[in-house]
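Chemist: Keeping the supplied structure of chain D fixed, place chains R and E upon it in accordance with the hints.
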Amino acid sequence: MRSMSAGKRMDLEKNITIVSFLLVPFLLLLLFSYYPAVKLFQFSFAEWNGIDPQLKYVGFDNYAEVLSDPSMRQVAIHMIAYILMMLVQVALGLYLAIVLDGAIKGRKLFRAAIFMPYILNTVAVVYIFNYLYSYEHSPINALLNVIGLDSIRFINEGFSVNLYMALIGMWQYVGFNMVIFLAGLQSIPQEQYEAAKIDGANLYHKIRFITLPSIKRTISISLMLGINGALQAYVQALLITPGGGPNFATETFITKTLRVAQFYQKFGKASAMGVLMFLFIILIIVLQNRLLKERTD
Amino acid sequence: MKKFHAWLIIGLVLAVTLSGCGKSGSSNEGASPSDAAQASGEGASSEKAEGTPEQPKLEGKIVFATNYTNIADTKLKDLAEQFMSEHPGTTVEFEGIKDYDSVVSTRMAAGELPDISYVMPSISRDVWSQYYLPIDDVGFTNDNLYFYTAGLGMDNKLYSVTDSITFTGITYNKKSFAEAGITSTPKTMDEFWSAAEKLKQKGITPMGTALKEAWTTYTFGGYDTWGIQFTGDPELKNTYIDKDDYIDELQLKAFDFLREMQKKGYFEKDIISAGWDQFKKDMAAGKIAMYYSQSWFPSQPVELGAKVEDIGTFPFPDTKYISATNSKMYAISKDTKSPELAKAFLEWLWVDGKYASAASSLSPMKNSGNYDPATEELLASGLPVIEATATSDNITKALTKAELDIVSTMNGYILKSDEDAAQAVKQFNEKWAKIRLEFGGAK
Amino acid sequence: MSRSPASNLTIENRSFAVVNYLFLLAVLVAIIFPILLVVIVSLKTMEEYQSTSVFQLPQDILNFDNYRFVLEKANFILGARNTLQLIVASVSCSVLMGTMVAYILGRFEFRMKKFVLLAFLVPTFIPYMTTAIATFTVIKNLHLYNTIYAGIILYMGANIVGIYIFLQYIDNIPDALDESARIDGASYFRIYWSIILPQMKSAITTIAIIQTIGVYNDFFTPYLYMPKSSLRTISTSLSGFASDRGADWPLMSAGIVLVALPTLVVFLFLQRYIISGITEGSVKS
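Chains as they are written, first to last, in the numbering used here: chain D, 1 to 297; chain R, 1001 to 1443; chain E, 2001 to 2285.
Mixed in with the good hints, there may be bad ones.
Estimated spans, in silico, between C-beta atoms of each pair [to be verified]:
id	chain 1	residue 1	chain 2	residue 2	range
1	R	1188	D	54	39 to 47 angstroms
2	D	23	E	2073	39 to 47 angstroms
3	D	54	E	2072	21 to 29 angstroms
4	D	70	R	1335	40 to 48 angstroms
5	R	1057	D	23	49 to 57 angstroms
Computed from the model, here is a short list of chain R residues facing chain D with C-beta under 7 angstroms [to be verified]:
id	residue
6	1273
7	1409
8	1412
I should point out that these hints are in silico values taken from the structure, not numbers from a laboratory.
Where is the CB? At the ideal position from N, CA and C, for every residue including glycine.
For reference, chain D alone in the conformation it holds in the complex (with noise of 0.2 angstroms):
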């Protein structure tokens, strides 16, 4: 009898404290993320010029002129190279974290100058950037010249320039991936390795078989969050080719909704954008989740 009355009591004790402890943070969740996304997938339906107080609503014409618009294969297109650039990030993020770990001679040098970059303001670090790519005035272009090299055009109308574009955001976070990969290995057991070393396993081995499958959640994590940057990319873009680039060679999924919301005040598409781009980004972590499971199993 008291051992049931105690039960309940600390059942009651326990939900208690799980509503109180989630109350708040859900409260700010429902609040400035989950009732703007509700607005935006109602958004989503109409035509709306972002400032009448009425909407008019028009079924799922939003979402089939984004998905016919041939400009959008275009821009999915230098989505590519985002992604490019940061599986290149993640991947040189994984490998200083590796090489950083062993006994390297500046080891803490090293490791605090590339993490850096990460606590610059992105707008300063793209005005930089904006001053290094110039063709005519950049410092890059003066040392190639130098030594007898030709100038590299940045800025121009082939795929290239999104590459440039997404080198940006690699130089500014890939020193946050190598701090996370650090925390990562540092949870692998060293007896592992001295196990592996005894029967007889080189680098090779030990980072194939030991390293990567310690740090299978690390490396998951690491690619979401890349996948989500990668594809919301946008800054660079937009204050380096305002207009979107020569021909538009810049344009990313978000400085295209920001034209089609602010510049021709089609807030209802801009919305079926947003919607569409969720369920990309999802479904592209669906997969790599999918991918990545059926690697290490």
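Modeler: Relative to chain D, chains R and E alone:
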């Protein structure tokens, strides 16, 4: 453990108290009594047709949202303080906003329209009465204000007034011309090409585009700036609602001119990465000789060190008219808490072109005396000035609905191959032919 | 206890090791190069900048004129004060709530558990910019527009990265501690407060630093929700300054360095916490 808790509690307490400090007082500049004499004197001698009525004591607070962020804290602040010293007890404030259209639209959607702001492209004339206050009683008329009719709503009441008038022409650096041995400004295209060649030979870029910014070539891409110079018809742009080809030979003249300039190498070495800041610097230094734009531009190289007398403007070669267009149309929010103050401030800023001259643009009031040397030179060319009528709402709506942007099409045209360029124009016109019918275009 | 830098993954092959080290140096140079450039340019006068090559050192290495100018004109002091308020208020709340959520998810079993975690994760993938109008309306209806509370409340939410890291830490705190405390009659809150929290000291520091960097550098929120000039933050001051002085690179560079300085100082001093903070949590004691 205890120490840790102590820090945690201190942290939280700090957080709460510091956030309480957030209630900083309103930025009340306070009225500092100064020479009130000058104020009343100048106010009376304004261009108002009717005599200045006895003003009731003004009070309240208003915010004027401007896109001129660079002078918001300097020249405009000084203007605000001057007004407040003339009208103690009032508070007027300028707020500089960078991404004006998107920020103010967002605020507008939430009912937070600033007291005085400019009418954004998305706000068509038919809804002006919903958002703005009629200002017929302020004293602006067609006789004293340029583009008066552009500010009339559907009910023929005045809602907005342009903050300046701009004339279109090619701004040039006289020193560059002198260096290249060009003695007079080109009046025909042949003279222009030979002048450009001379400049190129001297290692000076004949004309700048700053194409990376995309908006910088806008003067070439509108019938109210470009086309009108050839036809002299103020309504030119609005006639296109009835034409299938939005981009016709008249507009193509500009497109092809730009293409030719690029082919001949008369623009910056790599126009795609040419930025605005670098362009202004080069123009000030004489490394770039010309830029086709409007009267707000000549002051920019001067700010960067060029001498005022070295910057001039001449009409585009072979044109017969000089086009004059309005700038941002400012209006008072219908929900303003201090309408009388807003009206008084608006009037005060417009009289003698105070706001315009702070922004280095030309006063919108007629008969406001001499303009800057560059504009005077342009007007001295003798070509008649044509004031372009405001673009009609249905053209704007049609273009935005079909997502047709002439300037970006034009910028793409400069770089594309011959076939792609022609194709782009064809596609534009096809879309236009379809959309214009939805907005009242004649079949 | 953090591992000593083990030579578990040392490169046996000598030449490979050398190549490896060279590559590291190359990466270091690539990272440092733009930063160095900015610092050099910030110490030059306008004439120097225009006439000399970018790589040439400034005549007067201690030419702080640009810095002085920026400090006066860009109103950094006000920006700094506002930013500090924002940071202290929002980061403390956000970290606290993050630990609370992690405690619940790490220590309790209940039906909706997976759903709760997902609920915090999913919004990260919604394109931030597209929800601006709706969020703005919420802020406005709460009468927080153009007050410092708008920024505080927007930055206050529990961050998913924080939750994940805190979860990782909590996983490593043995349940035995909880259990013995329960036997002694401690409430769940007590356990959270007296046992769990103190063990997460370094995680808290780490996440606090990372969130501080985030708030410090964020431009969009203060720009849209707190535009009043008396509410200027460091990032909006810098961007306002940048747009006026776009062509004046020496000044701009000084501005960039000034803005980066506080975070740099904090970072250099607390560097060991950041990196070891994340790493310590994963160590199985």
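Chemist: Each hint needs a verdict: does it hold in this structure or not?
Modeler: Tested hints:
1. For the pair residue 1188 (chain R) and residue 54 (chain D), the beta carbons lie near 54 angstroms from each other, so the given range of 39 to 47 angstroms is not met.
2. At about 46 angstroms, the beta-carbon gap between residue 23 (chain D) and residue 2073 (chain E) stays in the expected band of 39 to 47 angstroms.
3. Restraint check, residue 54 (chain D) to residue 2072 (chain E): a C-beta distance of roughly 49 angstroms breaks the suggested window 21 to 29 angstroms.
4. Roughly 43 angstroms separates the CB atoms of residue 70 (chain D) and residue 1335 (chain R), a value that falls within the hinted 40 to 48 angstroms.
5. Evaluation of the 49 to 57 angstroms hint for residue 1057 (chain R) and residue 23 (chain D) yields a pass: the beta carbon distance comes to about 52 angstroms.
6. Because the smallest distance between the Cβ of residue 1273 (chain R) and any Cβ of chain D comes to about 4 angstroms, under 7 angstroms, the interface hint for this residue holds.
7. Here the hint on residue 1409 (chain R) is broken, as its CB sits about 10 angstroms from the closest CB of chain D, past 7 angstroms.
8. For residue 1412 (chain R), the suggested interface contact is upheld, since its CB lies about 5 angstroms from the closest CB of chain D, less than 7 angstroms.
Of the numbered hints listed earlier, those contradicted by the structure are 1, 3 and 7.
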